[in-house]
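K.L.:
Now for the letters of each chain:
Protein chains: 2
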Amino acid sequence: MRPSSVAIIGASDDPVRIGGRPLAYMLSQGFRGALMPVNPNRPTVQGVPAFARVADLPQAPDAAIVAIPGEAAVQAVADLGARGCGAAIVFTAGFAETGEAGAAMQARLLEAARPHGLRLLGPNCLGMFNATLGYYPIFSASFENGWPRTALPRMGGVGIASQSGAYGSHLFAAARDRGIATPVLVTTGNEADIGLADIIGWMAGSDEVQVIAAYAEGIQNGPRFVAALEAARRAGKPVVMMKVGRSALGMAAAQSHTASIAGDDRVMDAVLAEFGVHRARTTEELLDVCYVAQRGIFPARNTLGVVTVSGGAGVLMSDAAESVGLPMPPMPEAAQARLKRIVPFSSPLNPLDCTAQATNDMSVIGTFAESMMVDGGYASVIAFFTQWGASPSIAPRLRTELKAVLDAHPDRIFVLSILAPLDRVREWEADGFLCMEDPSRAVIALAAMGRFGESFARDAEAAAALPPIPLPDTSPNEADAKRILEAAGIPMVPEAACASVEDAVAAAEAIGYPVVAKILSPDILHKSEMGGVLLGLGHADAVRAGFATLMQRARAHAPEARIDGVLVAKQVTGGVEIALGVVRDPVFGPMAMVGLGGVFIEIFKDVAFRRCPVDAGQAEAMIRSLRGFPLLDGARGKPKADVAALAQALVALSRFAAAAGPRLASAEINPLLVLPAGQGAFAADAVIEVA
Amino acid sequence: MRPSSVAIIGASDDPVRIGGRPLAYMLSQGFRGALMPVNPNRPTVQGVPAFARVADLPQAPDAAIVAIPGEAAVQAVADLGARGCGAAIVFTAGFAETGEAGAAMQARLLEAARPHGLRLLGPNCLGMFNATLGYYPIFSASFENGWPRTALPRMGGVGIASQSGAYGSHLFAAARDRGIATPVLVTTGNEADIGLADIIGWMAGSDEVQVIAAYAEGIQNGPRFVAALEAARRAGKPVVMMKVGRSALGMAAAQSHTASIAGDDRVMDAVLAEFGVHRARTTEELLDVCYVAQRGIFPARNTLGVVTVSGGAGVLMSDAAESVGLPMPPMPEAAQARLKRIVPFSSPLNPLDCTAQATNDMSVIGTFAESMMVDGGYASVIAFFTQWGASPSIAPRLRTELKAVLDAHPDRIFVLSILAPLDRVREWEADGFLCMEDPSRAVIALAAMGRFGESFARDAEAAAALPPIPLPDTSPNEADAKRILEAAGIPMVPEAACASVEDAVAAAEAIGYPVVAKILSPDILHKSEMGGVLLGLGHADAVRAGFATLMQRARAHAPEARIDGVLVAKQVTGGVEIALGVVRDPVFGPMAMVGLGGVFIEIFKDVAFRRCPVDAGQAEAMIRSLRGFPLLDGARGKPKADVAALAQALVALSRFAAAAGPRLASAEINPLLVLPAGQGAFAADAVIEVA
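Sequence lines, in order, name chains D and B. Residue numbers 1 to 691, in the working numbering, belong to the letters of the first sequence in order. Residue numbers 1001 to 1691, in the working numbering, belong to the letters of the second sequence in order.
Just chain D, same shape as in the assembly (with noise of 0.2 Å):
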C-alpha cells in the first residue's frame, strides 16, 4: 500500500499499453520511490533504466506489477519471491475466472508466491491507487478526465474497495467529478489471496482514509470480514457497500459475471446492519452518503431541521425523513413564537418556511437557519433554496446569511439543496457547504450519517467465550433434541418419550391432560405431514388409541424409519407461537433466526437474522424489528407476551449454535409457545440436524 520500490514486470514503452500506464503514471504524479521497468529488449522503458530479468533487480522491490500473460506471469510471482519481493499486483487476465483450467493456473500462481510470504492482488485485476504518493499500479484509462484529490479542507479522504474493476474505477470517476476526494482506490480482482475483507481492514487503520467505499459482489471469508468491519468501527470510520446480487436476477448475473458465493441476502443485510454499515442501493446513494461522511460528524442522535423558500419541497423533505426514520421534532414553543413575530402567517414548526418575505428581507433567513441551530438544537440540518443558490441578485446576500450560520456551528451537518451550475456549486462548497440539488437525496444521507454515529457509540462487545458443547454423531430424534436444548438453557414443555403405551398413558397422568402425543423417530423429520402429531387427548383411552394410531401411521409412511416410541407432552394453549432457528451461512457461519410461525414467515418473510451468538439487548431488538411484532406486544386487545422470555432462549439457542461447532447444521424450536407477561416461553418441538 505505501511501496518504497516497485518493479513492474511486463512494462512497456508505450504508456498507454497495459505495461506502460502505470509507469506513466506514476513519472507524471511523482511517484518518490525507485522504479524498476523489467523488459528483456529494452535498455530503457519511458526514459527509465530497465533491467532484463527479475533476477538483475538492484534490490528487492517492495511491490512489483505483473502485466505479462499466462505461465509467464506464475514465473514472474515466484522470481519475485525468490528475489525477495512483498507484493505483486497481477494484472493478468485468464485465470479462475475463465472456468477450470484457469483455476489450476491460479493455484499454481499462489503456490509460487506463498513460500516466500510474498502477497497478491489480484489475478485479472485492474490494480490499485495510493494518490497521496504517487503510486499509481493500475491501467484503467479514468485519469483521461482528472486525477484523484488526496485531500480536501475539512473533509476527510474516501477510500474505494471493489471487487470489480471496471465498477471500481466508474466510482472514483464519479466521486471526482463530484469533487470527492479519493486517496486511495484497490480493485480486487480475482481475489487468490488479498480480498475485500483485507483492504477495509487496512483502510480502517490508515491515515488516508477516513470514510470507506466497498463494492461487493460475494464476499469469500465471513471472520476476515466481519473482523475488518469491527475495525472500522471501532476506529470510527463510516463504512458505505454497495452489495450486489440482492435479487434473484441480480444474483444470477453475479454468479454469471464471478464465481462468488451468493448467500442468503437476508443474511447479508444482517451482518452488515450488525456493523453499522450503510448498504447503497444505487451508486448515487452511495456517493451521496461518502459526500456527506466526509465532512466527519456522525451524532449518535440524529434530528433533522430544515429551513426552506418552498413550503412543498418542506413536505417533500417531512415525507423522505419519516420513511428512513430520521426524526424531525418541531422548534421549542417560545422559538416559533418569536419567529411568528418576523414572518406573520408562516408556521415556523419544522420545516421553517421563509416564504416569499425572505426575497424582501434576506435577514429572515440567516434568523431562522440561527434559530434551527441554537432553539431547536438539530444535528443535521438541509436549507433548501432552490435557484436562488445560482441568482445573480440573491445568491451573494444568501451566502452572507447562511456563512454566517455555518461558521457558528461547525458541530452541525449542514446541506445546502440548491439548483446551481457546477461552477457555482464549487464556490458554495469552497465556503465549506455540503450541497446537493435533490432533497430527498440529502435527507437519505443525513440519516445515514445519524446510523454511523449509533453504530460508533455501541461499545466494542467482548467476544464470548462458550465452553464448546459436544455434539452426537448423527442427528438426534426430538426427545434428544429437547434434551440438548434444554441443557443449554430453553425451557421446554413437560414431556416424556414413552416406548409403551403403558408408559404413555402412565406420562399423561403425570403431566395432565389434555395432551399431545407425538411420532418419535431420527427418520421423520417432518411429522406433522405424515400425520404424527395427534393434539387434545384427554383422558388415557385417548391416549391409548393415539398411541396406536401414530404407530399405524408410522409404518405406513416409511416402512424403514427407526420408530423409538411416542413423545406425550402437555398441551399449552393462549400462547403467541413463534418458531427460532439456527442456520449455518457458509460465508459467516451459525445465523440465529426468530420469526412469528406459520404464514408470518412463509408468505411474509417476516423474520430477523443476526449472527450467533446473540445477547438479551440484540435479541430483543431483533424480536421487536418483526413487523407482526405487534401481535407479542398486546395487539387485538391479547395480554403481552413474555418477549424477555422469548429474548432469552433466543439467546440460548444462540450460544448453543455457536458452542456446538461447524457440525451443526441447523437448528429448529417451531413453535416456541410464549406465554403472556412473566408466565415465560415453552419450546414444543425441536429438530437439531448434525452435518
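Just so you know, these hints were derived from the structure itself, not from any lab. Just so you know, nobody snuck in bad clues.
Computed footprint of chain B on chain D, listed as stretches where at least three residues anywhere in the stretch have a Cβ under 8 Å from a Cβ of chain B:
(1) 383–394
(2) 432–441
(3) 630–637
Derived lysine-lysine pairs resembling BS3-like cross-links, with alpha carbons at most 27 Å apart:
(4) K605(D) with K1640(B)
(5) K605(D) with K1605(B)
(6) K1640(B) with K1605(B)
By construction, the Cβ of each residue, glycine as well, lies at the ideal position given by its N, Cα and C atoms.
Assemble chain B onto chain D, guided by the hints.
P.N.:
Just chain B now, kept in the frame of chain D:
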C-alpha cells in the same frame, strides 16, 4: 392559456418588481398580442402606453394579471368582469392561506368574478407561462438563469402543473437545466376557481404539451381530477405526479402549509394507479421519468436489455429491474452462441458484458447492441459506458458504433448511462441519445414507460350506469344489512333472525348444526368485543342456553340498546376469512377495499383499494395484489380458494356502493368466508352505516 390581449393591473415600470416582471418578460420574449398596462400614475409603463383604470381599456382583454393588494384586487376583478375580460391571474396574497378573514375576502373575490363568467387563477399564485406565445404572466425570478425551451428535436414538451409556486418554479428550473423542454407552466395557488385538475385537463388536449408533470398537496375536486387523468390517458399523454403528504409527518407539514384536504394516502395511490399515473417519490425521479417520456415511446409490453462494460454495473441494473418489476428476459440461445464466439469467456445472457475486449475492438459494442435490438427485441435498452462517454480516445468510436444502432431502431427507448461533463452530455443528446448517469435511475424511468404503455392500451371503460339503490333512513341492524347486500348479489351464510328462544331453536334445526348465534341490535356494532357471538352451538339445548347468555350480556353491556333478538347462522368451516369493505373518501367517493381478515389488515396493512364500482378483472387484480394472496392460492398445502367468487362479491359490493349514493358512509363484510374453488364465498357478517 393562449390570449391575444393581456391587461396588467398594477403594472410597474420597475422590471424586477412583482408588477413589473410579467411585462418585462413578455416584452423580452416577443409576446405578439396586445399588452395593456393599467397604472393610474403613468402614461406609459416600461415604454408601453398605460391606462388609468380598467374601464379605460380600449378592448376587453382575453386575460388580465392582478398585481395589487387586498380589497383593491377584489375591485379589479369586478371591474375586469364588467369589462368582459375572460380570465384573471391573481398574484395577490393574503386570502384563504392566512385564515378566516382572508377566506372571506377570497369568497368575495370569487363572487366578483362569477356573474361575468370571469375565470380566476389564484389568488396567491406565482402565475403561469405559455412559452410558445411568449406569454409570461408570472413573477418568478427563475428566468435570470435561462428561458424555457418550447420544443426539442424528436421530443415532446413537458407541461408543469403545480399547486405550489415555489416548487413549480423549482421544477421548471431543474427541468430547464436538465435540457427538458417545458413550454407551459401553471401554478394554481389557492385554487379559488381553477384547480390542478383543470390544468391537467387542458394539457391533455393541448398541442403544446405531450407529457404532464404535476405537483399536488391535496386534491379539492375528485371527479374533475379523475376526468382530467382519464382525458390524459386517452390522449396517450403520461402524467408524472409528485403528491406530497405521504407520511404522517408530511401530512402535518402539508396541513400547516396550505388548507388542503389530505386524505388516506393509500386512496391517492389507488386513484393514481387506476389511471396509470406515475407517482414519483423524489423530484429527481419525477424529472427522470419526464425526461425519458419526452421520447414518446410507451411499450405496452416492456422488456429491458442491458449492454455494459462493467459486469458489476450489469448486476446492479438487474437488481434494480427486479425491484421495479421490469422483465429482463435472456437473449435467444442462438444469438448467445454467436456473441460468445466474438467475445470468449463472456456470458451474453442479458446483461451483455462487452468486457475489456471492447477497448481493443470497439466493433464488439456495435455488434452487441445491434443484437440486443434485433435478436433480443427489447423495447428498452440501457448502454452502460461510464467515463467512456467523455474519453477523448474512446468516445468518438463509441459514438459511431452506438449511433448506427440508435438510428436503425427509432422505435426503441435507448438510454446511454455515461459519466461525462454537461457539455459532452449535450452532444450525445443532440445525436438523439437519452443520457442518464445513474443506471438504477434509468431502470426506474424505463419501467415507468412500460406502465404508461399498459395504461394507454386499456380500453376506455364505459361509465357504469347503475340504477340507484335506496338506503334505509338509519343504519340497519345486521339482519337488515345482510338482506340489503344479499339483494345486491352477495351470497350470505344461511341464517335467520330470531326474536325468541323457540324461533332460534327452530331456525337451528332447519339450518343444521353446528350454528353460530349473535346478538341482533342496531346499537351494537362491534359484537365480538362484548361477547355477543357464540360459536359451535351443536344442539338445541346449547342454542337455548346461548340465547339467554346473549340477552344477559347485551343488557349488561348496553342497557339502552334496542335488542331485536338473536341471529342464528350456519357455522361454515374451512374457508379463508376475507374482509371486504367500502369507505367513503371525502374527495374520491366510495372506495372498495379487500384484505385478508384480522392481523393481516391490522398489523401488516395488507389491503387493496380501488374506486367503486370495480369490474371482475379489476377485483381480481386487487385480490392478487395482496401480499397474502398465496393464502388464497394453495399455500401450505391447502386447496385453492374460490377467488372468482371472492372477486364477484367484491364487484357486487362496489356496485352497491356506487349505486347507493353519498348517504352510504361505509359498508363492511367481515368475514367473507371463501371456500375452496368452485364452492363459493359467503358473507358471515355485515355492517352498513348510513349517514
